[in-house]
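Chain residues, written in single-letter form:
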Amino acid sequence: MITATPTQHEPKNYINSDYGIKSWLLTQDHKRIAILYLIVVTAFFFLGGLFAVLIRIELATPAGDLVDSNVYNKLFTMHGIIMVFFFLIPSIPAILGNFLIPLMIGAKDLAFPKINLLSWYIYVAGGVFTLYALMRGGVDTGWTFYTPFSTSYSNSYVIATGLGIFINGFSAILTGLNFIVTIHRMRAPGMTWFRLPLFVWAHYATSMIQVLGTPVIAVTLLLLILERGLHIGIFDPALGGDPVLYQHLFWFYSHPAVYIMILPAMGVVSEIISCFCKKAPFGYSFIAFSSIAIAVFGFLVWGHHLFVSSQSVYAGMVFSMLSYLVAIPSAIKVFNWTSTMYKASVEMSTPMLYAIGFIGLFTIGGLTGLFVAALGIDVHVTDTYFVVAHFHYIMVGGAIMGFLGGIHFWWPKITGRMYADTWSKLSAIIIFVGFNLTFFPQFILGYLGMPRRYHVYPPEFQVFNVLSSAGASILGFGYLLPFCYLLYSLKFGPKAPANPWGAVGLEWQTSSPPISENFEVTPVVTQDAYQYSTREEVKVG
Amino acid sequence: MASHAVTDLRHHFENHDQQKDASTLGMWIFLVTEIMFFGGLFLAYIAYRTAYPDAFGAASNTLNIPLGAVNTAVLICSSLTMAMAVHSAAIGKNKLLITFLIATLVLGGVFLGVKAYEYHDKFVEHHVPGPNFDFKSEDAKHPVDPHNASLYFALYFAMTGLHASHMIIGAVIIVVLIRMAAKNRFTPEWHTPIELFGLYWHFVDIVWIFLFPLLYLIDPKNK
Amino acid sequence: MDSKSITFFPEQASSIAGTVDNLYLFLVLISAFFSLLIAGLIIYFAVKYRRRSDADMPVPAHGGLLLEITWSVIPLGISMVIFAWGASIFFTESRPPADSMEIWVTGKQWMWKVQHMEGQREINELHIPVGRNIKLTLTSEDVIHDFYVPEFRTKADVVPGRYTTEWFRPTKTGKYHIFCAEYCGTKHSGMVGAVYVMQPADYAMWLTNGGAQGSMSQRGEALFQQLGCVTCHQADGHGRCPTLVGLFGKPVEIQHGQVVNADASYIRESILYPQAKIVAGYEPIMPTFQGQVTEEGVQQLVEYVKSIGPKDTTGAGAPTPSPLTTGSQPGTAQQRATNPTAITVPGKR
Numbered sequence: 001m002i003t004a005t006p007t008q009h010e011p012k013n014y015i016n017s018d019y020g021i022k023s024w025l026l027t028q029d030h031k032r033i034a035i036l037y038l039i040v041v042t043a044f045f046f047l048g049g050l051f052a053v054l055i056r057i058e059l060a061t062p063a064g065d066l067v068d069s070n071v072y073n074k075l076f077t078m079h080g081i082i083m084v085f086f087f088l089i090p091s092i093p094a095i096l097g098n099f100l101i102p103l104m105i106g107a108k109d110l111a112f113p114k115i116n117l118l119s120w121y122i123y124v125a126g127g128v129f130t131l132y133a134l135m136r137g138g139v140d141t142g143w144t145f146y147t148p149f150s151t152s153y154s155n156s157y158v159i160a161t162g163l164g165i166f167i168n169g170f171s172a173i174l175t176g177l178n179f180i181v182t183i184h185r186m187r188a189p190g191m192t193w194f195r196l197p198l199f200v201w202a203h204y205a206t207s208m209i210q211v212l213g214t215p216v217i218a219v220t221l222l223l224l225i226l227e228r229g230l231h232i233g234i235f236d237p238a239l240g241g242d243p244v245l246y247q248h249l250f251w252f253y254s255h256p257a258v259y260i261m262i263l264p265a266m267g268v269v270s271e272i273i274s275c276f277c278k279k280a281p282f283g284y285s286f287i288a289f290s291s292i293a294i295a296v297f298g299f300l301v302w303g304h305h306l307f308v309s310s311q312s313v314y315a316g317m318v319f320s321m322l323s324y325l326v327a328i329p330s331a332i333k334v335f336n337w338t339s340t341m342y343k344a345s346v347e348m349s350t351p352m353l354y355a356i357g358f359i360g361l362f363t364i365g366g367l368t369g370l371f372v373a374a375l376g377i378d379v380h381v382t383d384t385y386f387v388v389a390h391f392h393y394i395m396v397g398g399a400i401m402g403f404l405g406g407i408h409f410w411w412p413k414i415t416g417r418m419y420a421d422t423w424s425k426l427s428a429i430i431i432f433v434g435f436n437l438t439f440f441p442q443f444i445l446g447y448l449g450m451p452r453r454y455h456v457y458p459p460e461f462q463v464f465n466v467l468s469s470a471g472a473s474i475l476g477f478g479y480l481l482p483f484c485y486l487l488y489s490l491k492f493g494p495k496a497p498a499n500p501w502g503a504v505g506l507e508w509q510t511s512s513p514p515i516s517e518n519f520e521v522t523p524v525v526t527q528d529a530y531q532y533s534t535r536e537e538v539k540v541g
Numbered sequence: 001m002a003s004h005a006v007t008d009l010r011h012h013f014e015n016h017d018q019q020k021d022a023s024t025l026g027m028w029i030f031l032v033t034e035i036m037f038f039g040g041l042f043l044a045y046i047a048y049r050t051a052y053p054d055a056f057g058a059a060s061n062t063l064n065i066p067l068g069a070v071n072t073a074v075l076i077c078s079s080l081t082m083a084m085a086v087h088s089a090a091i092g093k094n095k096l097l098i099t100f101l102i103a104t105l106v107l108g109g110v111f112l113g114v115k116a117y118e119y120h121d122k123f124v125e126h127h128v129p130g131p132n133f134d135f136k137s138e139d140a141k142h143p144v145d146p147h148n149a150s151l152y153f154a155l156y157f158a159m160t161g162l163h164a165s166h167m168i169i170g171a172v173i174i175v176v177l178i179r180m181a182a183k184n185r186f187t188p189e190w191h192t193p194i195e196l197f198g199l200y201w202h203f204v205d206i207v208w209i210f211l212f213p214l215l216y217l218i219d220p221k222n223k
Numbered sequence: 001m002d003s004k005s006i007t008f009f010p011e012q013a014s015s016i017a018g019t020v021d022n023l024y025l026f027l028v029l030i031s032a033f034f035s036l037l038i039a040g041l042i043i044y045f046a047v048k049y050r051r052r053s054d055a056d057m058p059v060p061a062h063g064g065l066l067l068e069i070t071w072s073v074i075p076l077g078i079s080m081v082i083f084a085w086g087a088s089i090f091f092t093e094s095r096p097p098a099d100s101m102e103i104w105v106t107g108k109q110w111m112w113k114v115q116h117m118e119g120q121r122e123i124n125e126l127h128i129p130v131g132r133n134i135k136l137t138l139t140s141e142d143v144i145h146d147f148y149v150p151e152f153r154t155k156a157d158v159v160p161g162r163y164t165t166e167w168f169r170p171t172k173t174g175k176y177h178i179f180c181a182e183y184c185g186t187k188h189s190g191m192v193g194a195v196y197v198m199q200p201a202d203y204a205m206w207l208t209n210g211g212a213q214g215s216m217s218q219r220g221e222a223l224f225q226q227l228g229c230v231t232c233h234q235a236d237g238h239g240r241c242p243t244l245v246g247l248f249g250k251p252v253e254i255q256h257g258q259v260v261n262a263d264a265s266y267i268r269e270s271i272l273y274p275q276a277k278i279v280a281g282y283e284p285i286m287p288t289f290q291g292q293v294t295e296e297g298v299q300q301l302v303e304y305v306k307s308i309g310p311k312d313t314t315g316a317g318a319p320t321p322s323p324l325t326t327g328s329q330p331g332t333a334q335q336r337a338t339n340p341t342a343i344t345v346p347g348k349r
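Chains as they are written, first to last, in the numbering used here: chain A, 1 to 541; chain B, 1 to 223; chain C, 1 to 349.
Derived by calculation from the structure, the hints in this document are not laboratory data.
Treat the hints loosely; a few may be bogus.
[Said to hold, decoys possible] Quick list of simulated restraints, FRET-style, between CB atoms: (1) A:P458 / C:H256: 36 to 44 angstroms; (2) C:T70 / A:Q527: 24 to 32 angstroms; (3) B:L199 / A:F194: 24 to 32 angstroms; (4) A:L25 / B:V175: 26 to 34 angstroms; (5) C:R121 / B:A51: 26 to 34 angstroms.
[As the list claims (entries may be wrong)] 25 angstroms max Cα-Cα, derived DSS-like pairs, lysine-lysine: (6) A:K114 / B:K20; (7) A:K74 / C:K187; (8) C:K187 / C:K113; (9) C:K175 / A:K425; (10) A:K425 / A:K491; (11) C:K277 / B:K136; (12) A:K22 / A:K491; (13) C:K175 / C:K113; (14) C:K48 / A:K343; (15) A:K114 / B:K183.
Positions of the beta carbon are idealized from the N, C-alpha and C atoms, including for glycine.
With the sequences and hints as input, model every part of the structure.
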């Protein structure tokens with residue numbers, strides 16, 4: 001498309017096809033937009049992480065000595081909002097999904113490139129609103145914005161933050177819409193549904209949730225803003241409204257949102273395991289359909305966040321039982337990934353370390369989900385650190401492990417450079433150890449009864465809090481390492497070949513980094529995904 | 001050929017069919033998100049109407065049913081003119097297309113005008129939730145808690161307001177479409193924007209078809 | 001309780017604590033088994049099938065439907081056992097026994113206010129006798145709170161505008177934590193207190209030393225006079241408003257032929273939102289008492305109405321099963337019970 005001759009002798013690709021800040025900010029290339037997302041998402045990750053570090057330092061002692069309660073409450077609120085809405089939800093879909101889905105299905109771009117760019121701008125605008133609220137003094141409602149505290153009692157910037165998340169929601173909606181249409185309509189000739197990589201299936205399921213769920217949180221936040229601004233009474237018991245209705249609406253989105261975070265990570269893990277076992281994932285169609293099943297069941301279980309909120313006993317039972325049904329597709333995935341390694345040819349590369357770490361941590365996160373879905377136990381542990389530990393095992397142990405695994409797996413494809421292998425393996429191990437030390441003690445704390453969102457706590461909880469804070473310092477250090485050596489590799493890393501891992505996906509058949517049009521000629525797909533050569537084939541050949 | 005530039009295939013599509021299919025599917029998915037968006041409000045409405053049926057009935061009785069009915073008719077007519085516009089574009093009658101788009105715009109404007117008049121009435125009657133809210137049931141024998149009536153009006157304004165904002169956005173898009181049509185940009189082969197906008201307009205119409213009975217006609221004791 | 005050694009469980013100080021811990025232990029075992037199984041297999045495969053050379057090739061695996069079904073059905077079976085177990089504990093937790101001793105708790109930013117039937121009031125403390133079923137009726141003056149006692153393994157949200165309940169039977173004397181478990185604003189972590197579980201004799205002593213001026217129902221009666229309720233709600237039913245004698249726990253016919261149960265929530269609503277439900281055949285003339293009576297005052301009025309109610313129960317707040325009704329009647333059945341013949345003596349006042 002751009003005819004200027006490149007100054008260096010590199011072959012043309014999407015990075016050197018054009019120069020200047022405008023060529024990035026006005027790009028419609030899905031790969032460049034993915035890079036734009038990568039930059040902003042990383043910034044938000046470290047901002048949210050900074051808040052987490054401050055929280056953990058504060059909690060190293062039972063007294064409130066680092067910050068006062070007001071500041072502490074704002075810290076965990078902003079940590080939650082930034083991590084959930086501005087890091088976890090866009091992380092894998094908007095970066096890796098954006099970059100890879102067209103490559104994996106043999107398309108030149110997403111179906112709606114302009115909308116894709118618009119999504120990024122909307123995301124940035126939502127982020128700016130939220131950061132504005134943060135600069136002005138932050139918000140102290142918890143990322144859940146429970147009414148009537150958020151609507152009538154909090155003295156913080158609820159409306160600005162709510163608007164930020166509201167705006168950001170449209171970015172997720174448009175990305176999901178773009179993915180669905182792309183997967184339906186843009187597949188290369190021969191790329192049938194059952195030849196799609198599992199990464200694409202996972203993103204299809206994710207997009208379904210984004211498209212169906214996000215509008216509900218949008219309208220819920222709109223009502224919240226109206227209630228706070230105009231006191232229309234919809235969530236205010238003093239005016240006949242029902243504060244618990246807010247919780248229903250909120251969790252109708254926010255529970256499925258957990259699957260927006262974890263499903264793409266599952267897709268990443270399926271790709272990595274297959275590649276470094278050099279064989280097709282065990283039970284392809286079961287992994288594919290379990291993604292869809294998780295997306296569907298995910299919409300039916302929101303009430304398990306309301307077991308003690310005065311919801312009826314029978315509603316609680318129905319939601320509890322449905323929650324167990326979500327566990328089954330998750331278990332199917334774990335068993336299938338593990339079986340893929342059976343009689344495989346396993347290479348312990350960095351992405352594989354992350355993928356294995358993912359399986360371990362997701363297994364623990366999923367199994368502790370069985371605890372909190374059990375009504376009798378949930379009454380004791382809900383709103384305690386047990387829940388905090390549980391969802392961090394899913395979101396940090398699961399989603400971030402998947403994200404980092406994916407970044408390491410496709411880094412050569414995205415940047416055309418290889419990173420330092422020793423450093424990357426070391427940091428994968430540091431992150432795994434630091435993570436467990438941070439969050440495992442929180443299970444014990446929670447069962448002992450330490451409530452979440454506590455600024456000061458009784459001294460008998462200190463031992464486990466100190467362990468957790470120590471783990472957090474290791475984890476924080478671990479997250480800085482990839483940032484450093486990946487940046488370093490951009491300039492000094494060795495050039496990556498088109499297919500450094502010997503993988504079979506379509507994205508590996510084009511150059512690293514890919515050309516702007518992705519493929520020289522539109523690929524024609526003639527076989528299933530993951531056709532690695534195996535022993536039998538050798539014998540036959 | 002003026003239309004050529006517009007019908008030109010965007011670089012990442014293989015052919016026109018694919019491009020059109022993608023746009024149409026995208027529009028349908030967008031409408032699904034719209035359903036979920038309105039769905040949250042409908043859920044709140046159902047919850048509170050179940051909780052306070054009398055207050056909702058009494059509050060609903062203060063609405064101007066004839067005006068609501070007129071507006072319903074106006075919107076249905078505008079859907080018809082929109083459908084005619086799509087048809088005109090498909091058979092390549094550009095003048096007719098412009099006429100029907102203008103008719104749709106005018107009908108949409110009439111709807112919004114009537115709606116504004118109704119809102120004005122509500123302001124005058126102090127039926128807008130807030131500090132000046134004041135409500136007394138018309139049926140003195142069966143008074144209702146004004147708080148609950150306030151909830152009804154909060155939902156009334158939220159739902160019709162959201163609907164009206166969709167109408168306003170739609171009106172802006174029609175103006176753009178009329179300008180495009182005036183420049184002969186649409187052909188029988190390529191008039192996707194008209195078709196997609198038709199879907200949107202019909203959707204907004206259907207939302208009103210639900211809103212009208214739910215908000216205006218709910219009180220069984222209504223005479 | 002005072003031991004400084006590291007523990008993994010809070011003390012078991014209520015009748016359900018043991019059952020919750022048993023299910024928890026069962027789940028810990030299940031989780032340990034599956035975590036170790038998966039971790040063990042992954043490590044074993046990773047070592048055994050590690051790539052030794054680039055020419056190394058895997059043996060293809062043929063996905064087996066039978067295998068997939070097996071590892072779907074076994075977890076399903078296990079999780080249904082967990083579900084049933086957890087649900088049965090929850091069912092017990094959500095149904096206060098009929099003989100429960102009642103205590104009213106009001107949450108506000110950032111304190112707990114407790115009223116005992118006998119009239120004692122305390123803040124951020126709760127004194128109760130060991131071995132009795134205790135039922136708390138909870139409400140909030142502002143935002144949502146949550147009354148949590150880890151040693152009792154139970155909690156309940158405290159929601160403004162409605163009554164929620166929580167019950168437990170303490171089995172061990174001692175001092176335990178009260179935590180607010182639902183985030184409620186700046187001093188959320190300061191909204192803590194202590195439960196003192198005492199021997200019944202000590203509790204009786206504590207009650208007499210409290211210097212309470214009259215029981216809750218007596219105070220409620222005083223409020224009933226003071227607010228002028230009595231001028232319309234006359235005992236003989238000749239006032240302009242329905243009599244409240246014998247009302248509590250009975251079905252009431254309101255406008256349009258609907259029937260509601262006159263429980264604590266209904267009484268509260270009628271005081272604060274009198275237009276919400278008008279008793280059939282009466283004019284809607286009652287003014288609201290919002291702002292004139294506190295949540296605690298409303299609780300006293302509820303107790304007063306209860307005290308002049310039908311004398312067929314031991315005085316539980318929500319209608320309790322009449323001892324004379326036969327058959328099983330949880331929930332709605334007893335709410336509609338109109339059994340006028342009960343003769344049980346009310347609990348000690």
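Evaluation of the provided hints:
1. A:P458 / C:H256: 36 to 44 angstroms: violated, 53 angstroms
2. C:T70 / A:Q527: 24 to 32 angstroms: Since the Cβ atoms of T70 (chain C) and Q527 (chain A) sit about 29 angstroms apart, the hinted range of 24 to 32 angstroms holds.
3. B:L199 / A:F194: 24 to 32 angstroms: About 31 angstroms separates the Cβ atoms of L199 (chain B) and F194 (chain A), which means 24 to 32 angstroms holds.
4. A:L25 / B:V175: 26 to 34 angstroms: holds, 29 angstroms
5. C:R121 / B:A51: 26 to 34 angstroms: Given a distance of about 33 angstroms, which is inside 26 to 34 angstroms, the answer is holds.
6. A:K114 / B:K20: holds, 16 angstroms
7. A:K74 / C:K187: Distance of about 12 angstroms is within 25 angstroms: holds.
8. C:K187 / C:K113: Holds, at about 16 angstroms.
9. C:K175 / A:K425: Given pair K175 (chain C), K425 (chain A) is violated - Cα atoms ~50 angstroms apart, limit 25 angstroms.
10. A:K425 / A:K491: Satisfied, since the Cα-Cα distance of roughly 20 angstroms is no more than 25 angstroms.
11. C:K277 / B:K136: holds, 16 angstroms
12. A:K22 / A:K491: Since the Cα atoms of K22 (chain A) and K491 (chain A) sit roughly 22 angstroms apart, the hinted pair holds (cutoff 25 angstroms).
13. C:K175 / C:K113: holds, 18 angstroms
14. C:K48 / A:K343: The hint holds at about 8 angstroms.
15. A:K114 / B:K183: holds, 23 angstroms
When each numbered hint is compared with the structure, violations occur for hints 1, 9.
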